[in-house]
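Novice: Here are the chains, one letter per residue:
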Amino acid sequence: MPSALFCAGLGLRPAGGKIEVFQALQRLHMTIFSQSVSPCGKFLAAGNNYGQIAIFSLSAALSSEAKEESKKPVVTFQAHDGPVYCMVSTDRHLLSAGDGEVKAWLWAEILKKGCKELWRRQPPYRTSLEVPEINALLLVPKENSLILAGGDCQLHTMDLETGTFTRALRGHTDYIHCLALRERSPEVLSGGEDGTVRLWDLRSAQEVQTIEVYKHEECSRPHNGRWIGCLATDSDWMVCGGGPALTLWHLRSSTPTTVFPMRAPQKHVTFYQDLILSAGQGRCVNQWQLSGELKAQVPGSSPGLLSLSLNQQPAAPECKVLTAAGNSCRVDVFTNLGYRAFSLSF
Amino acid sequence: MSSESSKKRKPKVIRSDGAPSEGKRNRSDTEQEGKYYSEEAEVDLRDPGRDYELYKYTCQELQRLMAEIQDLKSRGGKDVAVEIEDRRIQSCVHFMTLKKLNRLAHIRLKKGRDQTHEAKQKVDAYHLQLQNLLYEVMHLQKEITKCLEFKSKHEEIDLVSLEEFYKEAPPDISKAEVTMGDPHQQTLARLDWELEQRKRLAEKYRECLSNKEKILKEIEVKKEYLSSLQPRLNSIMQASLPVQEYLFMPFDQAHKQYETARHLPPPLYVLFVQATAYGQACDKTLSVAIEGSVDEAKALFKPPEDSQDDESDSDAEEEQTTKRRRPTLGVQLDDKRKEMLKRHPLSVMLDLKCKDDSVLHLTFYYLMNLNIMTVKAKVTTATELITPISAGDLLSPDSVLSCLYPGDHGKKTPNPANQYQFDKVGILTLRDYVLDLGHPYLWVQKLGGLHFPKEQPQHTVIADHSLSASHMETTMKLLKTRVQSRLALHKQFASLEHGIVPVTSDCQYLFPAKVVSRLVKWVTIAHEDYMELHFTKDIVEAGLAEDTNLYYMALVERGTAKLQAAVVLNPGYSSIPPIFQLCLNWKGEKTNSNDDNIRAMESEVNVCYKELCGPRPSHQLLTNQLQRLCVLLDVYLETESHDDSVEGPKEFPQEKMCLRLFRGPSRMKPFKYNHPQGFFSHR
Numbered sequence: 001m002p003s004a005l006f007c008a009g010l011g012l013r014p015a016g017g018k019i020e021v022f023q024a025l026q027r028l029h030m031t032i033f034s035q036s037v038s039p040c041g042k043f044l045a046a047g048n049n050y051g052q053i054a055i056f057s058l059s060a061a062l063s064s065e066a067k068e069e070s071k072k073p074v075v076t077f078q079a080h081d082g083p084v085y086c087m088v089s090t091d092r093h094l095l096s097a098g099d100g101e102v103k104a105w106l107w108a109e110i111l112k113k114g115c116k117e118l119w120r121r122q123p124p125y126r127t128s129l130e131v132p133e134i135n136a137l138l139l140v141p142k143e144n145s146l147i148l149a150g151g152d153c154q155l156h157t158m159d160l161e162t163g164t165f166t167r168a169l170r171g172h173t174d175y176i177h178c179l180a181l182r183e184r185s186p187e188v189l190s191g192g193e194d195g196t197v198r199l200w201d202l203r204s205a206q207e208v209q210t211i212e213v214y215k216h217e218e219c220s221r222p223h224n225g226r227w228i229g230c231l232a233t234d235s236d237w238m239v240c241g242g243g244p245a246l247t248l249w250h251l252r253s254s255t256p257t258t259v260f261p262m263r264a265p266q267k268h269v270t271f272y273q274d275l276i277l278s279a280g281q282g283r284c285v286n287q288w289q290l291s292g293e294l295k296a297q298v299p300g301s302s303p304g305l306l307s308l309s310l311n312q313q314p315a316a317p318e319c320k321v322l323t324a325a326g327n328s329c330r331v332d333v334f335t336n337l338g339y340r341a342f343s344l345s346f
Numbered sequence: 001m002s003s004e005s006s007k008k009r010k011p012k013v014i015r016s017d018g019a020p021s022e023g024k025r026n027r028s029d030t031e032q033e034g035k036y037y038s039e040e041a042e043v044d045l046r047d048p049g050r051d052y053e054l055y056k057y058t059c060q061e062l063q064r065l066m067a068e069i070q071d072l073k074s075r076g077g078k079d080v081a082v083e084i085e086d087r088r089i090q091s092c093v094h095f096m097t098l099k100k101l102n103r104l105a106h107i108r109l110k111k112g113r114d115q116t117h118e119a120k121q122k123v124d125a126y127h128l129q130l131q132n133l134l135y136e137v138m139h140l141q142k143e144i145t146k147c148l149e150f151k152s153k154h155e156e157i158d159l160v161s162l163e164e165f166y167k168e169a170p171p172d173i174s175k176a177e178v179t180m181g182d183p184h185q186q187t188l189a190r191l192d193w194e195l196e197q198r199k200r201l202a203e204k205y206r207e208c209l210s211n212k213e214k215i216l217k218e219i220e221v222k223k224e225y226l227s228s229l230q231p232r233l234n235s236i237m238q239a240s241l242p243v244q245e246y247l248f249m250p251f252d253q254a255h256k257q258y259e260t261a262r263h264l265p266p267p268l269y270v271l272f273v274q275a276t277a278y279g280q281a282c283d284k285t286l287s288v289a290i291e292g293s294v295d296e297a298k299a300l301f302k303p304p305e306d307s308q309d310d311e312s313d314s315d316a317e318e319e320q321t322t323k324r325r326r327p328t329l330g331v332q333l334d335d336k337r338k339e340m341l342k343r344h345p346l347s348v349m350l351d352l353k354c355k356d357d358s359v360l361h362l363t364f365y366y367l368m369n370l371n372i373m374t375v376k377a378k379v380t381t382a383t384e385l386i387t388p389i390s391a392g393d394l395l396s397p398d399s400v401l402s403c404l405y406p407g408d409h410g411k412k413t414p415n416p417a418n419q420y421q422f423d424k425v426g427i428l429t430l431r432d433y434v435l436d437l438g439h440p441y442l443w444v445q446k447l448g449g450l451h452f453p454k455e456q457p458q459h460t461v462i463a464d465h466s467l468s469a470s471h472m473e474t475t476m477k478l479l480k481t482r483v484q485s486r487l488a489l490h491k492q493f494a495s496l497e498h499g500i501v502p503v504t505s506d507c508q509y510l511f512p513a514k515v516v517s518r519l520v521k522w523v524t525i526a527h528e529d530y531m532e533l534h535f536t537k538d539i540v541e542a543g544l545a546e547d548t549n550l551y552y553m554a555l556v557e558r559g560t561a562k563l564q565a566a567v568v569l570n571p572g573y574s575s576i577p578p579i580f581q582l583c584l585n586w587k588g589e590k591t592n593s594n595d596d597n598i599r600a601m602e603s604e605v606n607v608c609y610k611e612l613c614g615p616r617p618s619h620q621l622l623t624n625q626l627q628r629l630c631v632l633l634d635v636y637l638e639t640e641s642h643d644d645s646v647e648g649p650k651e652f653p654q655e656k657m658c659l660r661l662f663r664g665p666s667r668m669k670p671f672k673y674n675h676p677q678g679f680f681s682h683r
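Residue numbers (full-length UniProt numbering), protein chains in the order written: chain A, 1 to 346; chain B, 1 to 683.
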């Protein structure tokens, strides 16, 4: 398809080929870091390394009369200067972050052309030489706050009502990759480049527990490094991966119970019913039994995956799909866990 | 009884008179009409009904008499005979009466017949008269319609309208008082007026003719005067030549060239005129000349007596030529092909001088039978270049102008009609002949004012000045940049082959002072080889690896790490950047599919190439990209996290100053170099 683009420019314009080649190269080197489903469940936002956010219409792409057109974004806009590393959706807003700033967009207006951000906030950073990035956003619905974590090794909590930063949780010695919320107690898990997973109590703003994953022989893989790239939790269980192997932990006893046999570092993991879904280096979305057996590997279209998104919005049951994105300009859509139905493309 | 007897007698008398009556009649007809007995007249007097009664009665009497006779005869006796006799006499009388009645009936019949016949004849006469009258009526009706339908010739004449007629015609013709009421008279008057007018116009026409004759004569005289002027002017020109030479004014030379230009075919003429104009107006470095034999060109315009110039001639001519030579089929086809690909004997030379005294020589040809233009290019430089092996294709006439405009390969004929011509003589594609003929690039056609539609074959193509003019400037600029960028590449290749990345001083700020990775190899590779490399799949799938591009393989080394870079060099360099695909051999093979940082390095050189362009016209891009690659490899190797489990020092100690080693979900390395401070950061 890019070749068609390239060849079409025969109209003797000297600049024609140049722009098309550049566009083709840009698409070729695109990475989609983050995804988020709209509150209505019908739209999917995807953010790439050029700071653009594209909104895809899942309902159009999944409908029976879907054309090639409907797999293209409904709208694309420049949201940030740097890459869009993470996005979450509240019931009205899309929050996106990447290069040190978090921006809010109204879902209701985002589909209109020339949509402006609703507000932007920057957590109080201490370094000035380089603006630290934000790698993870986490909504805490109970206290209506947002937790930001990333380059400055701290977790910042922001009150969504007032927009002020209330607390900063310090402890990590290197930048933070990922966050996860424990649903019952107001506790947050964070995993970082320093190889630790830390458990924080939000009420007391204290570190409760530290697990140094790389020190456990079962899962440590020194040649890959210590970093923890992904994290998910469900009641007393936590699964994390990255440099060390993907491992299921029992939190109260802080012991690894299952090590999943996957060589490639994993970049995203999530619990789904009685399965664990993970993705990372390599084309496949992996499905694991809790016992450590690989239930299935479903190949996608990107050479490496960075994020998975399960659309479980009750408002749009027909759009209940799994989407996966990573080192390409395509977002793979899995209508059931068994196979890739099609790809949305920037 | 008495009455009976009287009746019996009467016919007797009649009968006795009847026999001589014939002779008597002729004589007594006139003299004794009253006395003459005529049975015919009698008929009129008698009543046929009573005759019939008489007849019936007579027959009954006869029957009775017969019966009596028979009765008497059977009785027999003496007096019987008398009685019988008596009876016989009575019978005779009765017979007489019957006879009379019979005659009368005959006469009546004849009379009736005569009467009928007479009446019939009368009716016939009347009938005939009626038919005659009808015929006459019909004829008269026909005559009437004929008269009614009669068309006069004057109806076809387009007469002036009625008002005009009364306004303009003199009263002695119009005679308004008579003609107003009478349309017939009116028409006659109008016709008169028409005739009058026509006579006048004919007069005028004759006058004009004589006038024209006069003017023609005048023109003749003036022409003679002008032609007598030419030789005088010529002699003045001849006389002024030494003065021109003395004053360095090459009017005459230019004039001569224009003279030759008249024999150029239209597209080449357009090119010549436009190029000369452009050269004079905008670009003094452009020189235009015409080459080839003028005589041959002149010969082309002569009527083709027995020459074989015209391919489009009928089969008859083809037959003639084959008969004359009688060659084998192959040779025949070969000749036809040559004929089809024949060039016009004249060609236009453009010399484009660049700043560094290198010259691009372009020779434009016109293929007469294909109606397309081709170009051959040659680059000469001021100083002799040492040709690096990998630079072989850079300045070759075959590829130096390839893809001047995107997609313009110059291998296919731009004229859709040519394909049909090729089919006839068995040429598959023009590609096999371009080396000999020159390349039919699209821009060449545009310079010659030839415009070919994309879709419709068979289209009348005419040379158009405005088309040529609109493309002249951009094309000349593109040509210049092309030559300069090729020469710049040529120079860069010469160093690259020796492992030196020739970073110029004005681009030095893009790179740190110390770069440890070294370029060790720079070779050209074939398109097919590039396609088969395992780490170039993305580029091939994206359609960026076309066979018009040039392909190279670079090898950058540092210690045990070897970085292979497959390079696609678009002919449109440097506006279209070279595209790099990397494969690192160090602790296993790493490509963009299994290492995000290799992918990031590729995007650093491919996508962020704009910061590597250096000063305009950015011919140094390739060198800068390669140097950047060396820097990137340094960063990659030095920031690789040390494996704690392996004994010994790191192979590549970190020498570069970095703010952070990794950043973001995909753990990018700090590839961005910040110039004045000299540290590396993340993009």
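Rather than coming from a laboratory, the hints here were simulated on the basis of the structure.
Glycine residues also receive a C-beta, built at the ideal position from the N, C-alpha and C atoms.
You may find that some hints are simply not true.
To be verified - Away from chain B, derived, C-beta distances all over 12 Å, residues of chain A: (1) Gln26; (2) Phe77; (3) Gln122; (4) Thr255; (5) Gln281; (6) Glu293.
As the list claims (entries may be wrong) - Below, a list of computed lysine to any residue pairs in the SDA-like style, where the Cα atoms sit at most 25 Å apart: (7) B/Lys256 / B/Val221; (8) A/Lys18 / B/Gly407; (9) B/Lys480 / A/Ile19; (10) B/Lys650 / A/Asn224; (11) A/Lys295 / B/Asn594; (12) A/Lys18 / B/His490; (13) B/Lys514 / A/Leu129; (14) B/Lys537 / A/Tyr339; (15) A/Lys18 / B/Asp538; (16) B/Lys610 / A/Tyr339; (17) B/Lys411 / B/Phe422; (18) B/Lys610 / B/Glu532; (19) B/Lys480 / B/Val273; (20) B/Lys672 / A/Asp81; (21) A/Lys18 / B/Val273; (22) B/Lys298 / B/Thr363; (23) B/Lys672 / A/Glu101; (24) B/Lys78 / B/Met66; (25) B/Lys587 / A/Thr76; (26) B/Lys587 / A/His223; (27) A/Lys18 / B/Lys78; (28) A/Lys18 / B/Ala526; (29) A/Lys71 / B/Val540; (30) B/Lys672 / A/Leu129; (31) B/Lys562 / B/Glu532; (32) B/Lys672 / B/Pro512; (33) A/Lys18 / B/Pro512; (34) B/Lys56 / B/Ile69.
Novice: Now tell me, hint by hint, if it's right for this structure.
Specialist: Consistency of the hints with the structure:
{"no.": "1", "hint": "Gln26", "result": "violated, 6 Å"}
{"no.": "2", "hint": "Phe77", "result": "holds, 20 Å"}
{"no.": "3", "hint": "Gln122", "result": "holds, 17 Å"}
{"no.": "4", "hint": "Thr255", "result": "holds, 23 Å"}
{"no.": "5", "hint": "Gln281", "result": "violated, 6 Å"}
{"no.": "6", "hint": "Glu293", "result": "holds, 25 Å"}
{"no.": "7", "hint": "B/Lys256 / B/Val221", "result": "violated, 31 Å"}
{"no.": "8", "hint": "A/Lys18 / B/Gly407", "result": "holds, 11 Å"}
{"no.": "9", "hint": "B/Lys480 / A/Ile19", "result": "holds, 21 Å"}
{"no.": "10", "hint": "B/Lys650 / A/Asn224", "result": "holds, 15 Å"}
{"no.": "11", "hint": "A/Lys295 / B/Asn594", "result": "holds, 23 Å"}
{"no.": "12", "hint": "A/Lys18 / B/His490", "result": "holds, 22 Å"}
{"no.": "13", "hint": "B/Lys514 / A/Leu129", "result": "holds, 23 Å"}
{"no.": "14", "hint": "B/Lys537 / A/Tyr339", "result": "holds, 24 Å"}
{"no.": "15", "hint": "A/Lys18 / B/Asp538", "result": "holds, 19 Å"}
{"no.": "16", "hint": "B/Lys610 / A/Tyr339", "result": "violated, 40 Å"}
{"no.": "17", "hint": "B/Lys411 / B/Phe422", "result": "holds, 14 Å"}
{"no.": "18", "hint": "B/Lys610 / B/Glu532", "result": "violated, 29 Å"}
{"no.": "19", "hint": "B/Lys480 / B/Val273", "result": "holds, 20 Å"}
{"no.": "20", "hint": "B/Lys672 / A/Asp81", "result": "holds, 15 Å"}
{"no.": "21", "hint": "A/Lys18 / B/Val273", "result": "violated, 31 Å"}
{"no.": "22", "hint": "B/Lys298 / B/Thr363", "result": "holds, 20 Å"}
{"no.": "23", "hint": "B/Lys672 / A/Glu101", "result": "holds, 21 Å"}
{"no.": "24", "hint": "B/Lys78 / B/Met66", "result": "holds, 19 Å"}
{"no.": "25", "hint": "B/Lys587 / A/Thr76", "result": "violated, 40 Å"}
{"no.": "26", "hint": "B/Lys587 / A/His223", "result": "holds, 10 Å"}
{"no.": "27", "hint": "A/Lys18 / B/Lys78", "result": "violated, 173 Å"}
{"no.": "28", "hint": "A/Lys18 / B/Ala526", "result": "holds, 23 Å"}
{"no.": "29", "hint": "A/Lys71 / B/Val540", "result": "holds, 23 Å"}
{"no.": "30", "hint": "B/Lys672 / A/Leu129", "result": "holds, 14 Å"}
{"no.": "31", "hint": "B/Lys562 / B/Glu532", "result": "holds, 20 Å"}
{"no.": "32", "hint": "B/Lys672 / B/Pro512", "result": "holds, 11 Å"}
{"no.": "33", "hint": "A/Lys18 / B/Pro512", "result": "violated, 29 Å"}
{"no.": "34", "hint": "B/Lys56 / B/Ile69", "result": "holds, 20 Å"}
Violated hints, in rising order: 1, 5, 7, 16, 18, 21, 25, 27, 33; the structure is consistent with all others.
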